[in-house]
Amino acid sequence: MKLPRRTFLHLAAGGAAMPAVTRFARAQAYPARPVHLIVPFAAGGGTDITARLMGQWLSERLGQQFVIDNRPGAGTNIATEAVVRAPADGYTLLLVGPPHAINAALYDKLNFNFIRDIAPVAGIDREPHVMVVNPSVPAKTVREFIAYAKANPGKISMASAGSGTTPHLAGELFKIRTRIDWAWVQYRGSLIPDLIAGHVQASFTPIPTSLEYIKTGKLHAVAVTGTTRIEVVPDIPALNEFVQGYEASSWYGVGAPASTSSEIIEKLRKDIDAAVADPNINARLIGLGVQPMSVTSGEFGKFIADETEKWGKVIRAANIKPE
25 MKLPRRTFLH LAAGGAAMPA VTRFARAQAY PARPVHLIVP FAAGGGTDIT
75 ARLMGQWLSE RLGQQFVIDN RPGAGTNIAT EAVVRAPADG YTLLLVGPPH
125 AINAALYDKL NFNFIRDIAP VAGIDREPHV MVVNPSVPAK TVREFIAYAK
175 ANPGKISMAS AGSGTTPHLA GELFKIRTRI DWAWVQYRGS LIPDLIAGHV
225 QASFTPIPTS LEYIKTGKLH AVAVTGTTRI EVVPDIPALN EFVQGYEASS
275 WYGVGAPAST SSEIIEKLRK DIDAAVADPN INARLIGLGV QPMSVTSGEF
325 GKFIADETEK WGKVIRAANI KPE
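Using the numbering used here, read the sequence shown as starting at 25 and increasing by one per residue.
What the hints contain is simulated information worked out from the structure, not anything from laboratory work.
Only a predicted model underlies this, so the values are computations on that prediction, with no experimental measurement involved.
Idealized CB from N, CA, C, for every residue including glycine.
Among the clues, some could well be false.
As the list claims (entries may be wrong) - Label pairs and their computed distance ranges (CB to CB): (1) G68 x E290: 30 to 40 Å; (2) A53 x E168: 53 to 63 Å; (3) D205 x Q80: 26 to 36 Å; (4) R109 x R203: 41 to 51 Å; (5) D330 x P303: 22 to 32 Å; (6) G178 x L86: 27 to 37 Å; (7) R203 x P162: 12 to 22 Å; (8) A221 x R167: 35 to 45 Å.
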């Protein structure tokens, strides 16, 4: 049977449009079953709390459960590889953060390339750290600390919760920018008891970890590590006020397997942005000492690439190796 030319062209155009319509329909129906958000950290910490806040909000908004699946280990590489190998259907997502930018330079061989294999979906927050000292240290400001360190090279004991962690690299970046020196003391468990007791003199710590001790005077806060002061501790200056251009925050967002459809990624981005903008979620995030972050998927991808480059330079300059 020979079709008229006009009929043939209509049928051909309709056939070409079908894949796009199918993808759109799939995105409209998403999610049709529970979604797993893989968190590469243990349950109970500040990052886990953030993931659960987002998971609960998204579950209520979208009518499907967002299951928080904690898979700590190997510096986040176990969880990341699980998501890289998962079907790219939007039902397995990854909570992404600084280790994903750091590990590219920290580890010689990985079974994935994070920037190639994980698609950026949306940012959630940025989390400045705080530089704290034991009250016995005769330095209460950034300038005084720099002067004290230069007068006593290598004599300050700086505590860190593991080689290659964001607080550790925040300290290394500060050392590079100010040309001072100290002795690192690495901890696998909590460093706060030794810091309060004066066995170590200083540390870069997550704000929630040390906020109570700052408020009670057991630790003195020298500066926060973001570019600006933050709402939860507005009287603590930013290191950027003294060391221009310094910035060393943690940050978190959501990623998906690289070939996940753009329609699903955009739907997720809009919903995550709505969660971050929700007054209740926003207030909870600020109360945790973090700064809510709303960016496009493309902007989030560029941000991750910039962080990867920045921390790669620090790791190579300080010759940092994984534990």
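Exercise. That 41 to 51 Å hint for R109 and R203 (C-beta), does it hold up?
Worked result: holds (44 Å)
For this session: May I ask you to test the hint 30 to 40 Å on the CB atoms belonging to G68 and E290?
Result: Roughly 32 Å apart at Cβ, these two residues keep to the hinted range, so it holds.
Exercise. Does 35 to 45 Å hold as the CB distance between A221 and R167, or does it fail?
Worked result: violated (27 Å)
Problem set entry | Distance restraint evaluation - D205, Q80, Cβ atoms, bounds 26 to 36 Å | Check failed, 46 Å falls outside 26 to 36 Å.
Exercise. Per the hint of 53 to 63 Å, is the separation of the Cβ atoms of A53 and E168 within bounds?
Worked result: About 60 Å separates the Cβ atoms of A53 and E168, which means 53 to 63 Å holds.
Exercise. Taking the beta carbons of D330 and P303, is their distance inside 22 to 32 Å?
Worked result: holds (30 Å)
Exercise. When you take the CB atoms of R203 and P162, is the distance between them in 12 to 22 Å?
Worked result: holds (20 Å)
Exercise. Using the C-beta atoms of G178 and L86, is the stated range 27 to 37 Å upheld?
Worked result: violated (54 Å)
Violated hints for the displayed structure, listed by number in ascending order: 3, 6 and 8.
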